[in-house]
Amino acid sequence: MNLSWMAWTPTTAAFFISIALMLVGMTVWQIVAPSEERIGVLRIPTTPGDRLFLTLLGAAYIHLAWLGLVGPSLWWALAISVLYGLAVFRWV
Amino acid sequence: MDKVVNNRAWFMVLPVLVLVAFNAVIPLMTVVNYSVQESFAGNVFFFEGSKWFEQVLHSERFHAALGRQFLFTGIILAIEIPLGVAIALAMPRRGPWVSVCLVLMALPLLIPWNVVGAIWNIFALPSYGLLGRTINALGISFNFTRDVFDAWFTLILMDVWHWTSLVVLLAYAGLMAIPDAYYQAAKIDGASRWAVFRYIQLPKMRRVLTIAVLLRLMDSFMIYTEPFVLTGGGPGNATTLLSIDLVKMAQGQFDLGPAAAMSLIYFLMVLAMSWVFYTVMTREEART
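Protein sequence lines correspond, in order, to chains A and B.
For the first sequence, counting from 1, position 27 maps to 27 in our numbering; every step adds exactly one.
For the second sequence, counting from 1, position 246 maps to 246 in our numbering; every step adds exactly one.
Because the hints were derived from the structure by calculation, they are not lab data.
Please read these numbers as outputs of a predicted model, since none were measured by experiment.
Positions of the beta carbon are idealized from the N, C-alpha and C atoms, including for glycine.
A few of these clues could be false.
Distance windows between CB atoms, simulated [as the list claims (entries may be wrong)]: (1) I26(B) <-> V41(A): 33 to 43 Å; (2) I17(A) <-> A24(B): 35 to 45 Å; (3) A14(A) <-> L19(B): 37 to 47 Å; (4) V44(B) <-> A14(A): 19 to 29 Å; (5) A65(A) <-> V103(B): 40 to 50 Å; (6) W76(A) <-> F254(B): 48 to 58 Å.
A partial selection of chain A residues facing chain B, derived with a Cβ cut-off under 7 Å [stated by the list, open to error]: (7) W8; (8) T9; (9) T12; (10) I44; (11) A60; (12) L67; (13) G68; (14) P72.
Let's have the full structure, built from the sequences with the hints guiding it.
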C-alpha cells in the first residue's frame, strides 16, 4: 500500500507514536495497578485517563502560548509541559 | 447484585473503534500532519515545523476573527439567556395554551440552518425584504449587505430568533420541575414576585441554565452555515467568524498548512469547552 500521497513525516510519526505509547502505557499501568477515581484540587473526580487528557490538552496550550508569546524554540515549552503533567498527575 | 466485570466485552466495541478511527482519528491525524508542512500543486510537501502555528498566532486576521467570534458569542449569550428565562417565566404552566406555546417555541429549532440563513437574508433585504423595507420606511437607513452595524444587527437578530427557543425550553423544563409546595410556602411568607424568582425559581433553574449557557457557548463558537448564507462573512470581513475564516483560508486560498494549523487551534478551544461541558454534565448527573 502506497501512502506517500499523505506525506507523513518522521516528526508527525514520532508525535503520534508518543501519544499511542502514553495510551498503551496508561492501559498497562491501569491493569497492573488499578486505581480509583479521586478528587483533587479541581474538586472533581478524575481517573488517570482524565489526568492524561488534561495533561495533553494543557501541554498543547502551553506550546501554543510559548509559540505566540516567546518564540519558535519549543524545548522550554516541552519542559514546562512535563512539569505541568507531573503536577496534574500529583494534585488533580 | 454484584456487577459482573468482564473485560472481554471490550471486543464488542472494537468495530465502533475501527469506524471512529477511520472517520475521526485518521482525518485529525492528517490535519496535524498538514499543519507542519507546506504544500504545492502536484502533491509536493515540505516540512515547515511550527511555522504555520506561529504565523496563525501572530496573524492579525486570526486575532480579528477570534475577536469577532468572542464578541458574537458574548452578545448572543447576554441576550438569549435572560430573554429565554423571561419568556419561560411568562409561559402558561397549565391549560391548552401550554402545547401551543411549546410548539411555537420549538418551530425555529426545527428549521435547517441554511434555510434559517436564507429566510433572514430575504427577510432583511433592503429592497424587498419585509424587515429591511420596514426599517427603511421608518426613516432609518438599513442595508445589511453594505453596513457593518446592520450586518451584525441582522446576524444577532437571526441567532436570537433561532436559538432563544432552546434556552426557553430548557428554562421551562426547570420551572416545571419546581414542586407547588415551594410557591405555597412563598405565598404564606408573603414573598414578592422578585423574591420568588430570586430564591426559588433561579436556584432551581441553575442546572438547566448552566447546560443552556454551555450549549449556546459551544454552538455559537462553531456557527458557520447561518452567517455564511446571510452575509457570507461580509461586508468586507465584518462578520467573518472563525469557521468562515477557516473555510476561506482552506478552500478559497487552498493554504493547507496555515488552515490546518488554524483548525487545530480552533479544535483545541472547542475541545476545552467540550471538556468543561462534559465535566459539568457528569457532575450534575452524579448529584441527582
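Hint by hint, which ones does this structure get wrong, listed from lowest number up? The structure breaks hints 2, 3, 6; every other hint is satisfied.
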